[in-house]
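Chemist: For the protein sequence lines, the chains are A and B, in the order given.
If you're matching positions, the first sequence starts at -1 in this note's numbering and goes up one per residue.
If you're matching positions, the second sequence starts at -1 in this note's numbering and goes up one per residue.
Because the hints were derived from the structure by calculation, they are not lab data.
Be careful, since some hints might not be right.
The list cannot tell twin chains apart, which means a pair is met if one copy fits it or any two copies do.
[Said to hold, decoys possible] Below, in silico cross-link-like pairs of lysine to aspartate or glutamate (EDC-like), each with a Cα-Cα straight-line distance of 20 Å or less:
1) Lys182 - Glu88
2) Lys284 - Glu274
3) Lys284 - Asp191
4) Lys225 - Glu235
5) Lys284 - Glu183
6) Lys272 - Asp227
7) Lys284 - Asp227
8) Lys199 - Glu230
9) Lys93 - Glu270
10) Lys247 - Glu302
11) Lys280 - Asp179
12) Lys199 - Asp44
13) Lys182 - Glu288
There are 2 protein chains.
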Amino acid sequence: MAMIFCNTLYSSSPSLSPLTSFRTKPSRFSKKLRARVQFRSMEDHDDHLRLKFMEFPYVTATRKQLMVDLMSTLEDRLQSQLLPCNLPPEARSFKNPNGSAEASIHIRSGQKSSPIDFVIGSWIHCTIPNVVSLNITSISAFLNSSTKAPNFVVELIQSSPTSLVLILDLPHRKDLVLNPDYLKEYYQDTNLDSHRQSLLKLPEINPYVSPSLFVRSAFSPAASMLKIDVEEEGTLEEILRDHVSPAAKEVLGVWLERCAVEEEEKRVMGVEEKLELERRDKSFRKKSIEEDLDLQFPRLFGEEVSSRVIHAIKEAFGVL
Amino acid sequence: MAMIFCNTLYSSSPSLSPLTSFRTKPSRFSKKLRARVQFRSMEDHDDHLRLKFMEFPYVTATRKQLMVDLMSTLEDRLQSQLLPCNLPPEARSFKNPNGSAEASIHIRSGQKSSPIDFVIGSWIHCTIPNVVSLNITSISAFLNSSTKAPNFVVELIQSSPTSLVLILDLPHRKDLVLNPDYLKEYYQDTNLDSHRQSLLKLPEINPYVSPSLFVRSAFSPAASMLKIDVEEEGTLEEILRDHVSPAAKEVLGVWLERCAVEEEEKRVMGVEEKLELERRDKSFRKKSIEEDLDLQFPRLFGEEVSSRVIHAIKEAFGVL
């Protein structure tokens, strides 16, 4: 999630005081009734928090529609394979006391029998008056080591009404130089680069190079890492609706058809290969958290909230 | 060598007839005298062919000076570790019958005790009247599996007097996502990206994205893959002299100081790690030849010359 978060925030942004937590008071009901009420309350709370996530409240209608469409497609297609979100509520929706930074995170792990490790969606909003208004919306899907197929990521980072960074990719999980067949199967044969090429035909779109060398290494050579700069906000909406949205949906389609499937030939067979894949996945996840959340979350949400949220994310990522 | 050769040539270029070979006639001298004469003649021939390579005859004075400086630095610094060029003469200098395509290749393998596998320099010139005049000059240095340190490459590809593609890099030999320490040691700590960033400050320089996904994977995230477009040829000379040349020399300096050295901690210790490195190096070299020479050489030099030259290169690359 928010893998290039660190690259878009101003390093000079002021430190923000931590969020006041919103724990519920102890109940006075009987144990049984309390358990039933709690269960119902948890379900309601889960629905409430999912709706809160799906609101994408600080972005334009077109962008919200895109994120909702992508998340709904993912959840609908993988429904039977996904467990409910089990992040603690305080890591699912949180803000800092003055309301200048707010975020929502939605993680659903895959069933043990599924190749899905977890699906994660998030939005982060942060306003520092006269300095920056930052909105990041992001969806990623991570596979487990039963398959070596690529993951999926889409991320939109906007720090002004007329400028937006798009990351759209199926990040590789094997070294592409050592495994040219993998490059062929998932990138050449899927013609993944065509989306990048088509988007680059628009005069408002240019390549985006992340300042982080790790981020550059982690995305595939067919990744759409692009910066969209427009003169009028309406143009950005048009580009999102007519170009980015179809591209993102097609890339997700490729991922659902070709990667998020349990096909025998895609299974990692050797023990060594599986261990190597697990090491690589872990290294990627740890480094993402280290370069991204560890650096930025404390500045935005304060130490206490950050450490609670990052702990929950690390748990879901399997890198605690 | 010429790793992105395939990306700059016009696919519509006409097929060219093969080069007439220049084998010497059988001699009539005594066996001993013949051996001595042959040895002397071989030495002379070697000098002649090295000088021919170092001529870089079809490029501007500034560019020739840069290539000669880089090759001389490499050969001077590694002198005791390098064997003489043992490519067959017909693979060191060759052209097609009508003279529209000409090339020179210079390969020196490292001594067994050295971490250098081989150093390769080349220039390729090709003119198709009213279509294209292409000049590629390239120097690479490959390490063997006694070390995992990166290789070195500099390549200049010019298809018009006012436009040039530069590739300058220390291509990684380990998966950077799996090995973040490697990324730190050779790319972050060396500040390799600073050269790319400095060059990009010039308005005439923009990022270059190779159409080949393999090429994009093979270069490091700090590679200077840049396109220089100028209005007047003189400006290109200035940029080469004042900006590209110092950057290339500094990157070569980093490679000579930090990579082409036999330090115990850089040695690959485990048998498995060494085998993996060998597999990756081999995969890289095979794929480079496949995507590059196998595709383009027959069109330029004809089947016969190409197959002879490619055979000799494969031998030197250890991928026959």
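Chemist: Hint by hint, work out which the structure violates, then give me just those numbers in ascending order.
Modeler: 1, 3, 6, 7, 9, 10 and 12
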